[in-house]
Structures are given as structure tokens and as C-alpha cells.
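Undergrad: Chain residues, written in single-letter form:
Protein chains: 2
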Amino acid sequence: MSSRLPHRPSTPAPPVPNVRAVPAVTPVGQPSRPVTGALVLDLIRTAGTISRVELASRSGFTAATITNVVRDLIAEGLVHEVGRARSRGGTPRRLLELDRTALYAVGVQLDRCTSAIVVTDFAGRRVAATSLRGVGRGAPGETLRTLADHVEDLLASAAVPRARVLGVGLVTHGPQDRERGVILTPQPTPAWQDFPLTATLADLLGMPVLLENDATAAAVGEQWVGSLDVDTFGVLYMASGIGGGVVVGSEVYRGRTANPVEIGHVPLDPRGPACSCGNAGCTESLAGPSAVVARAGADPGLRDRLRMSGDADDVLADFERVARAAARGDQDARHLLEDSARHLGTAAVTLMNLFDLDTVVLAGPAFATAGPLYVDLAQRAVERGALARLLRPVRVRLSTDVGAAAAVGGALVVLRSPLGRPAARESAGEVLPALV
Amino acid sequence: MSSRLPHRPSTPAPPVPNVRAVPAVTPVGQPSRPVTGALVLDLIRTAGTISRVELASRSGFTAATITNVVRDLIAEGLVHEVGRARSRGGTPRRLLELDRTALYAVGVQLDRCTSAIVVTDFAGRRVAATSLRGVGRGAPGETLRTLADHVEDLLASAAVPRARVLGVGLVTHGPQDRERGVILTPQPTPAWQDFPLTATLADLLGMPVLLENDATAAAVGEQWVGSLDVDTFGVLYMASGIGGGVVVGSEVYRGRTANPVEIGHVPLDPRGPACSCGNAGCTESLAGPSAVVARAGADPGLRDRLRMSGDADDVLADFERVARAAARGDQDARHLLEDSARHLGTAAVTLMNLFDLDTVVLAGPAFATAGPLYVDLAQRAVERGALARLLRPVRVRLSTDVGAAAAVGGALVVLRSPLGRPAARESAGEVLPALV
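Quick note, the sequences are listed as chains A and B, same order.
Position 12, counted from 1, in the first sequence is what the UniProt record's numbering calls 12; the numbers after and before it change by one each time, with no gaps.
Position 421, counted from 1, in the second sequence is what the UniProt record's numbering calls 421; the numbers after and before it change by one each time, with no gaps.
Since the hints were made in silico from the structure, they are not lab data.
One or more hints might be untrue.
Unchecked claim - Interface residues of chain A toward chain B, partial, derived using beta-carbon atoms under 10 angstroms:
1) 138
2) 175
3) 199
4) 225
5) 228
6) 229
7) 232
8) 254
9) 255
10) 260
11) 346
12) 354
13) 359
14) 388
15) 391
Claimed, not checked - Which bits of chain B does chain A cover? Going by a derived footprint, with three or more residues having C-beta under 8 angstroms, they are:
16) 263 to 272
17) 354 to 365
Glycine is no exception: its CB is placed at the ideal position from the N, C-alpha and C atoms.
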């Protein structure tokens, strides 16, 4: 799910302690009250309103457990009753919903070229959002300080009490060590490799920070805000690089070390350009914004006509110039994008045939303008080469929010983590936000 | 996980009723005694010998539940006590093990060119095995009759009482509808598409038959009989075609319709030969035995030197001729295999980068002689292009039993299914085998 190229590190950096540890998830088989509560909260969040009986049915917990957990959640001000369900003969059931303003979460999507910040309420609804230039040439500490300032500004402008913010989901490229909160490759610069991202941002903001892959977060966000009618699908994420994510039965596919679906670095053409990932002709080297922009820059007519900046740290802005020119009818620009889209279509076929999918969503800021063209050509590719077409319709869709789905996913990762159940934080020694 | 090419069916065949329905698995959240029993049986099978305390710890069930379930299993003659664990201060714990001869299972691996049959005891140990020519040009009914005869012969020669055979795991290429027990593509001939495979074989043998993908079964079999030290790995399966399987945390990756990891049909080279899967240059069309044999046949010197049969229904025999010639030092034959192995190495990189794996196993009858050459070149490919190499060693291994791992997996699928717990069959209306 990387969006940038990995290098073999010359000397491994020492492990960086995470100064603000996230409470551990209780192991399976030893369910505790906080974990049960987190699951119940998420069932209510997903349903909007729901009865206790339905909660018991969907969670598999007994009615007695649900009664006790819900009583605690109401006492903590996280859940309240909102009326009764229409009667079907018996006594109408009282409905529960989350107190939306009880708590909040922040999602920060970080890329070399562009970043997005989203604040959601406890129900997962967006209450504020902003976007800004990416990390570019910035040193990690400096970039995180800028991001922290933007988070503070956004919370203030939305009048969200800081004490009610559960934490931040920081989403960026992989491979990552999510436990340590670090990126494992020297992208965009060597200073970023093994830099304590979550620990630093947590210190700056005074709140817990979780790390997540951007493509995975986009999948989570798309499932939340999008109009998907399936619970199994793939995501092709294109920012300054290309990553992927897969959700199966509403669960994120995690693999062995939680760094799966590196669709940007699967080899599609043995005669393609060498990539620092070690492969020739991988998806990113053939279809990524850098490849499109490099080809546009090599065409003097196109370069001058589109006023390309040629700045590698601003490749998405140049890519957007190509996309807008293609949308205006510039045939040279269109051919470049079509070539990229055909390769991305091949990647979509690979994703479908390996993960047994019939739906792939295109997400990420690179699709802001070029999305429809990519969807069109990738759809043709999967109709030609995805095996699932033999059994049922196959579909490539554009994300309902190409720019912010990943940031929304980052906030949801926080809401669904043990952080989303304050009692769990209390037991882990965290300060419980003052609840009404 | 197909090993053959799919076609779009011109007219969909009508659904075929499965005359011998497999008992349904009890849905999650409503555990019943038989399902609990099946899990406990598999924990004992995996451990060899184990105490009740350890069973409770590994299963998550309470000590009381384990006591009750084990009492039932002992009364049914499936489990017995075999002594006591060495004391660590307290009372030595009594150890349990399966009664190996209580029940048996059969695995049948079916391919166009070669088939293998394995009988295992209740503990999953191989008690008899045979191999035979594959389906070739045979009609499905005729082929299944031949296979049924071989199964009967094998059971008789091993003195396995038929009444103690739980059932047959039939493993072959995909895509499949495992519930209906049919193959969804017209391979090897149109007569096979939608033919009631499991229903017919069940009628012939008078025992339940389950359908499973060959590559998936090879993964299950390899994990059982092999020396893998990881619970997350991929399998590249090569018989007359190429398929794949992935196991994550000891669980088979199933995808949306249980037809995942079609690694034979991911596009690796846009200039490669067209495949009926719809893609150009897919793994199977570049690296599969048919491709190797076709290139050998197009070289008159090699064709005559190797006495190639040129029979498409016997492509694995011709492939084996090329492999043996390469092993004897024939450079032309070696170059053909090396070219195939390099493409398979690219497929291994794709598998690792998408499923986040560090281990890929090569299994299937095509590796009987050529295995070491393929392992060598695929290992080089993953060391160059698999992202996991940046974090830990990446390995390509040869299956410990390239010819029979899939058949062993087929038998294990039966043992681990609800069929493996006779009480579950009883409740589904099946005749319970007479147990001592």
C-alpha cells in the first residue's frame, strides 16, 4: 500500500520509543468490558439508531451483557436513547444512538505533494476539513509542526473542545511499522525513515496518534462515506505514488506485517523502466503521476503549453496541469493519461484476480480531475481481463471523495480503535476527557 | 487459483442439484456442541497429544465446556487418554490423543494430466496413496468412475473399513462453485463446466464429497506435512496449468467467492501471448507447462531429441521430458525452463507484494524434476523485487511433496469440515458410521 518507492536502508536506524503509547487491544479470547464497549459503540455508529435487541443479535453478546454495557455507555454520556422503534405487535423497542458531540477524532493524510485534515464527530460525521500542500522538501519535524498547527486551527474554527478529541489517525505511505509509528523507507527523504512520526505529533498536539497506510485508510473511508453496496472491494490509491488496499467482508486485509497490497510495485512490463523497488515496469513507474509528468516534460511543446513547473516535490500540481489540459481537449495530454490509465487498468485486473474482487475504487488526490478518464479505461480493462466477469459484473468506481477519503478513514481508525472507548484509555493510564 | 483458462460461457448451464448435501456449518455466534467438538478434535489433531487444560487455553472455551466435549468424544471412540504430562509441581495432567483408526478421509487431486489419491487416518497421517494419469480427453462421468474405482481399490488394499471413511475431498482447478460442487469453466472440455462433480462421485462411492481448489488444498497440505515455520505464506501450484493459494495466520484467504489467487492469470507482459482468460502475457501463458512444451515442440532438434509426444492432453509428460533433459545438461531445454522460471519468479514477487508474504512454496506435479531450478530462479527474483526483503528474509521453497500435497490437503479439508465430527452428520440426517 506504499505510495512511494522503498530503498534498502544502508544502516538500519535504531528503534524509536513511542513516548505516547496506544493502549493495547485486549487479546481475543479474553474479552473485557472496554473492548465489548468499543464493539457496541461501533455497531451503534454504523447503524445510526439501533435497539438493544438488535445490538445483541448483531454483536453475538447476550442480552444481559448488552444491557450492562449500554448502561455504562449512557452513564458516560456516549450513548443516549432517542425514542422507540415502530411497534410490530409487541412493546416498541427503545432506540439508541451515539452522542455525536461527546467525542471527536482527527484524520491527517500526509503526502509529498498534498495533505488533507478532517475532523469527525463521535458518529463519524465530518465536522471540519482542510487541505494543504504536502511535505515537499520539508524535514519531518518541521512538517509535523505545520500539520499540528493546522489541526489546532481546524479544531478551534470548528469549536471542537480539545479535551474531547480522542486522537489523530495519521495516514501516509508504507511500508510502515504501525506499532512504532514509523515509515520504513527513506521517502520522501532519508530523514523520514524511522522518524518517530506518531510520537512527535502526539507530543506536539498532546493527544494520541495512530499510524495507518493511506490506501488502507482510503478503503476504510470509502466504505464509510461512499455508496458501496459490497463489503468486499479493492482500492487503487494514487497520490504522488500508487498504493492499494483490500477490504474483505468489511475487514481490512492485513497480511503478515500489515504492509500488503503494494500494487504500485508489482511488475507489469519486463521492458518497463527500472524502479528503485527492484522491479522493472512496476505499476508506479509506468502509471504514476511522476511517470506521466516526466513524459509531459520531455515533450517541449506540451511542457511549454502546460507551463509545467518541473518541480519533483510538486509533481501532483504538474499532473493536475496535464489532467486539466486533457479535459480541455489537448490530445497530447490525453494520450499520456490514457497510457497511464491502461496500466492502472492492468493493475486493477491483477488486484481482482488475486484477491477475488468484483469492485475496485479509485481514490486519492491524483484523480481530482482525471478520475473519469481513469475509471473509463480501467473499467474496459477489467471487463476484458478480470476473471470475476465470468461470474458477475465487474466494476471500477471513482471514490465519492478522492481528496479526503483517506483522511476520513484515518479519523475512523481512531474511533474504532481502543481509543474510541474512553474507559479503555482510563485503564491504560490515559487522562479521561471530561465528559458531560 | 485456477489451473486452466476460463471462457465466457455462451449459455449458462442450469444449476445442478447436489444429491448428497454436506451438512451446513453452524453460523458464527451460535456455537453448537458438534462445532465445538470439531474444533477440539482439530486442536488435538494438530497437537498430537494435549491436556484438557491446554485445550481450554488454546480454544478459548471454558474448562467445563472442554470437560463435557471431551467426555462425549471419548464415549464416541474418537479420543482416548494416553498417559500423563510430566509434572511441573502439581498433579500431572492426563493427555488426550485422537484414535487414529476411528475414522479416515480421502483426498483426490484431479488434473488434465495427472491425478493423485491419498487416504489419511483420523489423525491426518497418510495410510495409502497412489497416482494415475489425469482426465485427458475423458468425459467427466467416465473419469469420475475411474477415480471411484481407484479410491475403492486403495481403501481395500489399505484395509480401511469403508464405513469409517468420512468422505472425499476432491481438489481440482477453478473457478469453482464449491457449494454446488461444480467447475465454472469449460476446462479441460466444455462437458466439465457445471458437471455435478461432487454429486456424481458421492453417488459412485456412497460417501460425502467436498470440492476444493487444488492450489488451496496444496497450501493446506503443505502446512500439514511440510516443515514451514510460518503460518502466513503463499503457494504457486503448477500442474497442467498454474494456480495459487494464500494462507494468512493459518487461515486460507477466500476472497469474495472463494476463487482467489488466480496467479496464473495476472498479466506480466503486455507483449506476451494472448490467453483465453482475456489478458496478454499472463503467468500461465508465459510460464506454464503448455508454453514450455510448445516452445520445445517448435524447435525441431529439441523435439526429436526429447521424443516429445505433442499430445496436448499429456502436456505434463512432455514437460517432464524437457525437465529431465535440462537436468541431464541439455542447454536448450534448460534455457526454456529458465525462461519459464523467471516469469514464475515475477509471479512470486507479485504474490509477495500484494499479500504481504515472505514465504512462497512451489507445489504441484510439474515441479517433480524441475523444482530445484524453479526454486533457484524464483528465489533470485524475490530477493531482487519483493518488498518484504527490506524488512526480513524472503524465501521460495519447494513443497515437501510436490505430487501429493494437494491430495493430502483434500483429505484434511474433509477432516476439518463438519464431516469430521460425526455427531454433526447425525444431526444433519447422515448415517453415522458404526464406531467401536
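Undergrad: A separate judgement is required for each hint: does it hold in the structure or not?
TA: Here is how each hint holds up against the structure:
Hint status for residue 138 (chain A) relative to chain B: violated, with the closest Cβ pair at about 24 angstroms, above 10 angstroms. For residue 175 (chain A), the suggested interface contact is upheld, since its CB lies about 6 angstroms from the closest CB of chain B, less than 10 angstroms. Given the 10 angstroms rule on beta carbons, the hint for residue 199 (chain A) is violated: about 20 angstroms separates it from the nearest Cβ of chain B. For residue 225 (chain A), the interface hint is violated, since its Cβ never comes within 10 angstroms of a Cβ in chain B; the closest pair sits about 22 angstroms apart.
Among the interface hints, the one on residue 228 (chain A) is violated; its C-beta lies about 13 angstroms from the nearest C-beta in chain B, farther than the 10 angstroms criterion. The criterion of a C-beta within 10 angstroms of any C-beta in chain B is not met by residue 229 (chain A), whose closest approach is roughly 13 angstroms, and the hint is violated. Checking residue 232 (chain A) against chain B: minimum C-beta separation of about 4 angstroms stays under 10 angstroms; hint holds. The beta carbon of residue 254 (chain A) comes within 7 angstroms of a beta carbon in chain B, closer than 10 angstroms, and the hint placing it at the interface holds.
Among the interface hints, the one on residue 255 (chain A) holds; its C-beta lies about 3 angstroms from the nearest C-beta in chain B, closer than the 10 angstroms criterion. At a threshold of 10 angstroms, the smallest CB-CB gap from residue 260 (chain A) to chain B is about 4 angstroms, leaving the interface hint in force. This hint holds: residue 346 (chain A) has a C-beta 5 angstroms from the nearest C-beta of chain B, less than the 10 angstroms allowed. Residue-level restraint check for residue 354 (chain A) holds (minimum Cβ-Cβ distance to chain B is 6 angstroms; threshold 10 angstroms).
Taking 10 angstroms as the C-beta cut-off, the interface hint given for residue 359 (chain A) holds, the closest approach to chain B being about 9 angstroms. Residue-level restraint check for residue 388 (chain A) holds (minimum Cβ-Cβ distance to chain B is 8 angstroms; threshold 10 angstroms). At its closest, the beta carbon of residue 391 (chain A) sits 7 angstroms from a beta carbon of chain B; the interface hint therefore holds under the 10 angstroms criterion. Figure legend: the segment 263 to 272 of chain B, annotated as covered by chain A; annotation consistent (8 residues with Cβ-Cβ distances under 8 angstroms, at least 3 required).
For the segment 354 to 365 of chain B, the stated coverage by chain A holds: 5 residues have a C-beta nearer than 8 angstroms to a C-beta of that chain, and at least 3 were required.
Checked against the numbered hints listed earlier, the structure breaks hints 1, 3, 4, 5, 6; every other hint is satisfied.
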